[in-house]
Amino acid sequence: MQNRHSQHISREFNDELETIRSQVLRMGGLLETQLDKAILAMLDNDAVLAAEVKHGDAEINQMEMEIDAACIDVVARRQPAASDLRFIIGVFKTIAELERMGDESKRVAKMSAAERASVLPVEINTELRHMGELVQNMLHDVLDAFARMDASAAVAVAQSDERVDDKYELISTAAMRCMVEDSASVSAAMSLMWAARSLERIGDRCQNVAENVIYLVLGRDVRHLPLDGLLEPSG
Amino acid sequence: MPAQSSKPDLLQNSLLQNEPDDVVVSIRQLHVSYRQRQVLQDINLSLRSQHVTALIGPSGCGKSTLLRCLNRLNDLDERCTVTGQVLVNGRDIYAVEEDVVSLRREVGMVFQRPNPFPKSIFDNVAYGLRLLGVSTRSDLQQQVRKSLQDAALWDEVRDRLHSSALELSNGQQQRLVIARALAVQPKILLLDEPASNLDPISMLKLEELIATLKINYTILIVTHNMQQAARVSDFTAFMDAGELVEFAATSDLFTTPKQRRTEDYITGRYG
Ligand SMILES: Nc1ncnc2c1ncn2[C@@H]1O[C@H](COP(=O)(O)OP(=O)(O)OP(=O)(O)O)[C@@H](O)[C@H]1O
Ligand SMILES: [Mg+2]
Numbered sequence: 048m049q050n051r052h053s054q055h056i057s058r059e060f061n062d063e064l065e066t067i068r069s070q071v072l073r074m075g076g077l078l079e080t081q082l083d084k085a086i087l088a089m090l091d092n093d094a095v096l097a098a099e100v101k102h103g104d105a106e107i108n109q110m111e112m113e114i115d116a117a118c119i120d121v122v123a124r125r126q127p128a129a130s131d132l133r134f135i136i137g138v139f140k141t142i143a144e145l146e147r148m149g150d151e152s153k154r155v156a157k158m159s160a161a162e163r164a165s166v167l168p169v170e171i172n173t174e175l176r177h178m179g180e181l182v183q184n185m186l187h188d189v190l191d192a193f194a195r196m197d198a199s200a201a202v203a204v205a206q207s208d209e210r211v212d213d214k215y216e217l218i219s220t221a222a223m224r225c226m227v228e229d230s231a232s233v234s235a236a237m238s239l240m241w242a243a244r245s246l247e248r249i250g251d252r253c254q255n256v257a258e259n260v261i262y263l264v265l266g267r268d269v270r271h272l273p274l275d276g277l278l279e280p281s282g
Numbered sequence: 161m162p163a164q165s166s167k168p169d170l171l172q173n174s175l176l177q178n179e180p181d182d183v184v185v186s187i188r189q190l191h192v193s194y195r196q197r198q199v200l201q202d203i204n205l206s207l208r209s210q211h212v213t214a215l216i217g218p219s220g221c222g223k224s225t226l227l228r229c230l231n232r233l234n235d236l237d238e239r240c241t242v243t244g245q246v247l248v249n250g251r252d253i254y255a256v257e258e259d260v261v262s263l264r265r266e267v268g269m270v271f272q273r274p275n276p277f278p279k280s281i282f283d284n285v286a287y288g289l290r291l292l293g294v295s296t297r298s299d300l301q302q303q304v305r306k307s308l309q310d311a312a313l314w315d316e317v318r319d320r321l322h323s324s325a326l327e328l329s330n331g332q333q334q335r336l337v338i339a340r341a342l343a344v345q346p347k348i349l350l351l352d353e354p355a356s357n358l359d360p361i362s363m364l365k366l367e368e369l370i371a372t373l374k375i376n377y378t379i380l381i382v383t384h385n386m387q388q389a390a391r392v393s394d395f396t397a398f399m400d401a402g403e404l405v406e407f408a409a410t411s412d413l414f415t416t417p418k419q420r421r422t423e424d425y426i427t428g429r430y431g
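Heads up: the sequence lines are chains A and B, in that order.
Residue numbering for the first sequence follows the numbering used here, beginning at 48 and increasing consecutively.
Residue numbering for the second sequence follows the numbering used here, beginning at 161 and increasing consecutively.
If you're looking for bench data, these hints aren't it; they were derived computationally from the structure.
Accuracy of the hints is not assured; some may be wrong.
[Said to hold, decoys possible] The list that follows gives simulated cross-link-like pairs (lysine to aspartate or glutamate, EDC-like), each with its CA atoms no further than 20 Å apart:
no.	chain 1	residue 1	chain 2	residue 2
1	B	347	B	181
2	B	418	A	268
3	A	84	A	197
4	B	418	A	197
Based on the provided sequences and hints, a complete structural model is requested.
Shown next, in the form of structure tokens:
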């Protein structure tokens, strides 16, 4: 926001908004690390890494509370308007999404690959890895869109959620087929489905953050709207 | 005032036709200058009945000047030239046949600087009523009391109605002149920073009053308090350097202004 606009007459207000912005980016960075580790822990069945993810979540929760407090403070003391108001509201919503993505990352980390490897076809694991990469990219890109206040990048992120949803369909169908064909695979297939489910949720939440970015840049609520042609000039 | 005869009637008619039915004041291509200096340029603005319109903008941008055009107070200043049109209920108020006295009764104004007459509190409020021919003691008393109550001043002055208005504090004087304007029940009420000297409670009472009044009046309020504009008004007009930069529903203007100049002003940025 700050780079798109001229400076506030109040330098303190400028600094406060700038601090909030960089806090959100730091929280996002932490989350990226958490998600990377969680996916690795899941794919490599790395218990040590999984434990790190579990502990790392506390810091994300803490950051959410701190940014929350900073936003409330700005609202109470500065009565932000226009783009400043949209920025604060957008941050409020965004950090709630980031916090929940942290929770989902913890769930991903908990899913063990050990049992999967023995009973499920190896292609399923490959699909899961791809899905993880898609979601990692979404998170990275949406944080980038937030940092640069780039509505068109946000639109691209929101649109890419479809590919994550497709992967989820594919994986859960495959997992169910395994369960039907071989009752010994039920527990492994369930764990696979839970992991995929958590990744799919993270994708949805990245889409929500993307919509927040679009709102705070353009001032338009694009939830439940088709995204095609969104950025073309209209009335 | 010279009619804008160079403009084709067609344009005027189409402007008329695009307006909502409840427009009470319609300002068209209004230009104002003092001596050779332009202070308002091509203002086009409509005020709708039963709505509050807030007028915001930096000091010296022409807000008070615009208000004065709506009841022809600028006539009093011969250095001031006004061109364009101001229609009140469809009537061109600058037309020769216009009766300025009745216009000013219809379009009430509360000035930026409280200007009580050097008379008693009671006589200040009763002044306009007497001009209107209200003469019985009980009618006067009743209407003065009602106006003072509406302006949230009654409780403070009920015991001293006959002392001089000049003894009142600044904030009390401000409410007194509001009571004086309300007493004659104008249809259109122009408030030029009516809350600048009020404590937060009196200010909220005034805002409450505005919310009640708008059922019967058309209100235009100038305020430097952005939150106040956002709270009391349905529409907001942002002026800068004699131009009307943006006019929009208040909730739109304060969340997603269309013009960069509006954005910079309401968020407190360097232009
Ligand atoms: N009687 C006058 N003679 C000459 N110039 C005037 C006169 N009244 C106003 N002006 C000029 O017209 C411009 C607009 O003044 P106006 O009082 O309308 O501003 P404003 O928006 O009400 O400002 P503020 O917020 O400070 O009350 C200013 O540049 C002012 O100097
Ligand atoms: Mg003024």
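Right, here's what the structure says about each hint:
1. B:347 <-> B:181: 16 Å, holds
2. B:418 <-> A:268: 16 Å, holds
3. A:84 <-> A:197: Cα-Cα ~27 Å, so violated.
4. B:418 <-> A:197: This hinted pair holds, its Cα atoms lying about 18 Å apart.
Consistency note: the structure conflicts with earlier hint 3 alone.
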